Amino acid sequence: GNSVTQMEGPVTLSEEAFLTINCTYTATGYPSLFWYVQYPGEGLQLLLKATKADDKGSNKGFEATYRKETTSFHLEKGSVQVSDSAVYFCALSDRGGSYIPTFGRGTSLIVHP
Amino acid sequence: DVKVTQSSRYLVKRTGEKVFLECVQDMDHENMFWYRQDPGLGLRLIYFSYDVKMKEKGDIPEGYSVSREKKERFSLILESASTNQTSMYLCASPPPQGTNTEAFFGQGTRLTVV
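In order, the protein sequences belong to chains S and H.
With my numbering applied, the first sequence has no gaps in its numbers, which climb one by one up to 782 at the end.
With my numbering applied, the second sequence has no gaps in its numbers, which climb one by one up to 143 at the end.
Just chain S, with the same shape it has in the complex:
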């Protein structure tokens, strides 16, 4: 079956530090990959996505590249802000198989001034 593994948190950084949150996946079909963000007290919202190998998704300074050879979709940002403090979820949707999205467990990011 499908699965998503992401690094455990919390990740604690100072403002302007570089961020990487690792995500790897297993899928039987042809997945699209997503990063969702959940701000405190809110639901999940899409941060970025990539639908095929070597695609790079980007939004709000965050980037992630769909690496089929390493089955990875790591999230990066060059300079984090306090307002980036949130929980980040890596997810996949397998167009060729089950339509049930598969989520990682989430990684909490805390950014200090």
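What the hints contain is simulated information worked out from the structure, not anything from laboratory work.
Possibly wrong hints are sitting among the right ones.
[What the hints assert, rightly or not] So the derived list for chain H, only partly shown, Cβ under 7 angstroms to chain S, looks like this:
{"#": "1", "residue": "67"}
{"#": "2", "residue": "71"}
{"#": "3", "residue": "72"}
{"#": "4", "residue": "123"}
{"#": "5", "residue": "135"}
{"#": "6", "residue": "136"}
[Unchecked claim] Chain S regions said to be covered by chain H (calculated; three or more residues, Cβ under 8 angstroms):
{"#": "7", "region": "744-753"}
{"#": "8", "region": "769-777"}
Bear in mind that the values here come from a model prediction, so they are computed numbers and not experimental data.
All residues carry an ideal CB built from backbone N, CA and C; glycine is no exception.
Here the structure of chain S is known, so what remains is to put chain H in place on it, guided by the hints.
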């Protein structure tokens, strides 16, 4: 631009009460899901529905039921609330099978059972 709406942000209920959590989507999606979110456990799928009056159990259906009488509305029911059902509940509407768009989530309902 609201796509998925949950009826309550916060609820406090007593043990043994029957609790209804409501979710409405305006995207004409066939699929609707209920998750619960707990620290360290991520999102766990409770129930999902792929059509009106159709439902399937997810990973943790015990103690819950659902109702889908209309396409836009998916209700989660706690038959007899217990303290271990204190959690954040998220409704989601994933895209149709075969597409590559994202799932849309409601804002969540923080339920406390006392």
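Problem set entry | Structure versus earlier hints, numbers of those that do not hold, lowest first | Hints 1, 7 contradicted; others consistent.
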